[in-house]
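2 protein chains.
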Amino acid sequence: MVKLTEQNREQYAESILQALNSEELQQFRQLFLELHPQDQHDFFLELEESQREKVYEYLSPEEFAEIFQELELEEQKDIIEELDQTYAQDMFGEMSTDDVADFLGEVPESKAETVLEGLEDDDAKDIRELLSYEEETAGAIMTKEFMNIPADAALRDVIELLRQEGPDAETIYYLYVVNAKQELAGVVSLRDLITSDPNKKVEEVMSTRVVSVNTGDDQEDVANLIKKYDFLAVPVVTTNNTLVGIITVDDIIDVIEEEATEDIGEFVASRGATDVNLTSFTAAKKRAPWIIMLMFFGLITAGVIGQFEETLERIVLLAVFIPLIMDSAGNTGTQSLAVMVRSLATGTFEKKGMFNTVRREFGTGLFLGLFCAITLMILIPIVYRDVMLAFIVGLSLFLTLSIATIVGAVVPVLINKLKLDPAIASGPFITTINDVLGLMIYFSIATALLQYL
Amino acid sequence: MVKLTEQNREQYAESILQALNSEELQQFRQLFLELHPQDQHDFFLELEESQREKVYEYLSPEEFAEIFQELELEEQKDIIEELDQTYAQDMFGEMSTDDVADFLGEVPESKAETVLEGLEDDDAKDIRELLSYEEETAGAIMTKEFMNIPADAALRDVIELLRQEGPDAETIYYLYVVNAKQELAGVVSLRDLITSDPNKKVEEVMSTRVVSVNTGDDQEDVANLIKKYDFLAVPVVTTNNTLVGIITVDDIIDVIEEEATEDIGEFVASRGATDVNLTSFTAAKKRAPWIIMLMFFGLITAGVIGQFEETLERIVLLAVFIPLIMDSAGNTGTQSLAVMVRSLATGTFEKKGMFNTVRREFGTGLFLGLFCAITLMILIPIVYRDVMLAFIVGLSLFLTLSIATIVGAVVPVLINKLKLDPAIASGPFITTINDVLGLMIYFSIATALLQYL
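If you read the protein sequences in the order shown, they are chains A and B.
When you number the first sequence by the UniProt record's numbering, it's gap-free, plus one each residue, and the end is 453.
When you number the second sequence by the UniProt record's numbering, it's gap-free, plus one each residue, and the end is 453.
Just so you know, these hints were derived from the structure itself, not from any lab.
Just so you know, these numbers come straight off a predicted model, no measurement behind them.
One should not assume that every hint holds.
One copy or two, it doesn't matter: identical chains are merged, so the pair holds either way.
Below, simulated DSS-like cross-link-like pairs (lysine-lysine); rule was C-alpha separation at most 27 Å, straight line [unchecked claim]:
| id | residue 1 | residue 2 |
| --- | --- | --- |
| 1 | Lys54 | Lys286 |
| 2 | Lys77 | Lys228 |
| 3 | Lys200 | Lys54 |
| 4 | Lys181 | Lys286 |
| 5 | Lys228 | Lys144 |
| 6 | Lys201 | Lys54 |
| 7 | Lys200 | Lys125 |
| 8 | Lys417 | Lys77 |
| 9 | Lys201 | Lys77 |
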């Protein structure tokens, strides 16, 4: 029994490599094809170009398709250059249509067209359909490899059908039932199928309470639905309820990862740049717009301090607390932002309602401001021997933190109401607003109380 | 066909509510029990206490168990107070053992003990076992409701067994095969089961290449495994390969959500505080340690500026660029951090290797520094009519950003090597290091070039 533990895996990979290098075709195929496609993919990625050439020679297009569909998009683009055109075309013919569509969506249209023309008509039609949906919608992420069964079939016949066609479908754990007009009419789980009398008809055992999504639905909403009901798959229908595809739970896991990475990317202002596969220059080009935009925000903050140059000239010590005010305002605001973004993303927000959540955040800000102000009013007199300074910094911080939580909580909700992605109100954006507010409060109080300093 | 669209759902809920309020027991039960447990839960959450009391009366403990296990932990604690003790005990007897364990892990031990003593011996034993594993490990999140089948059984008999016991198991889509010593020997998917000749034996069709996890494995590693291989479930074994539980994909989705929320929480320094169910004061208490710790960091940064008070006194205008230096250093560092944390979490980091990734980040920092320095050397002379100031700020920013990316990339890797959670190197921590470095570079250069200003 080949158990894929850390140690065995390396040893096993060593044997395959040896077979490959010494050109023992049979030995290589036997060992390699025994692996899970994902492990085949891991092994393949470690190879040099000359070794990869041998793999293309030793594996049929159908076998190589398994590896190709596990590759990242950037890797696929590199590998396709190494493949013979006929081999590549045969490989596309063996891949799941949704995987082909993902790839073709990223290459120049003329190239995609060539590939499409070489495919069977049915597959080409499915892929064109998938490509026609907007990115990140249910239609774009669904698969066309699903089985639908007529409502009036006998269970016995369905099981026979599964025996024949099952291996090609993405999942056979849920079978979607359609009526004569190809409209979604119900669902039968494989579980129900085998635990029921085989002589019954599908419509007798199917559940008509089938939850479906629309082709245009956002992928994040689909993810929340699958998560909520613990589904293994969900059917995708058009506006007139025609069944056109399914989305399986493994695709949804990728969506959840992707959305979480996106959320984090937006917190740190690097949308699309948290990809470790890019070169330094490409990564810099992707991140630079954010950093430069935020630098402009920094110039705005600079302008705010510039307004108080006179005050600063009289008491230079005030400059020392600029970082403290900025950091505290920024951190408090992004905490509130994180709470809101996550509760909007995971759907808990709807349960509690906007008003309650914002009020909760404001209350939290008041308490946080109070805790921090008290700490500072004890610390600053000890370190800087200046009670008035402690009072100014403490009061500023109290006011700033109370407001910072509201900014952090309200901005993403407003942006959500305007149907924009809540995470556009990214951390740095909220932080800048709070920096400016905090420093204005701080220097205004300091200027007003200047005579007592 | 009751289709749960947004509109129908409300209308349906209205009918159930009416039946409940007018005490039409039969009508209520018929409508309510037709709903998916998750929808029953949503409906139940909207009720007043007096209405909830009626629900307890109208539903059997078994029926109510379905709702109870969907509740959040905090909600469970509130609801349990409203239940009659015998009713509650019967309900626990009907719940999945892993759900009971999750609940009992959060209540005082004496209370948990009372519940455990009232349960059947088998269930109590399972729950005690689940409670004995460390939090966030495979053992703690696995379920004991799984079916294992002997290797020498005939497929025909297995299908018969499924007909009888299937409805109680968490998943029957994978059946794990054990030998006489209860050791994990293989796996048969339901798909294989129904597409094979029923007269064959399990060991003839089972796959022996079964990937399993250990009870002590981190839940994040389990999630990555399930994600990698697109599994619907994974078996959990002890160190001597005895099968003790399974983890299903729906639990893993919760883990992925949880870990993503945790990652984000750590980016914004609010571990455990991104929970919208807390009161203001509790939320403030949870977040305050972070904010106050970061405030202390702010005092350190203040100390750095304090060192250059003389320089500042001569050129107050230097204070104006403090936010710009801080923000740019902080933002660049957290971008690098985000790349590292996500690639550590999703496992892409291992593919690329530490050295390559850090070198990539350093290169990115050089380019970013260059872009920003050029922008500033054009802008500052226009706005502040001071070329020397532009040079100082530009050069400082170039050096700071180059270093900031390294700090952002290396710190999480070091922390990971030390087997700590990489996200402890949270955004604010990295930001503070970069703030201090950036301001020291800035004021050092300014002090050195003071005579030219």
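Against the structure, the hints come out as follows:
| no. | hint | verdict |
| --- | --- | --- |
| 1 | Lys54 x Lys286 | neither (36 Å within a copy, 58 Å between copies) |
| 2 | Lys77 x Lys228 | between (36 Å within a copy, 21 Å between copies) |
| 3 | Lys200 x Lys54 | neither (53 Å within a copy, 38 Å between copies) |
| 4 | Lys181 x Lys286 | neither (48 Å within a copy, 57 Å between copies) |
| 5 | Lys228 x Lys144 | both (24 Å within a copy, 22 Å between copies) |
| 6 | Lys201 x Lys54 | neither (51 Å within a copy, 39 Å between copies) |
| 7 | Lys200 x Lys125 | neither (35 Å within a copy, 40 Å between copies) |
| 8 | Lys417 x Lys77 | neither (39 Å within a copy, 33 Å between copies) |
| 9 | Lys201 x Lys77 | neither (48 Å within a copy, 45 Å between copies) |
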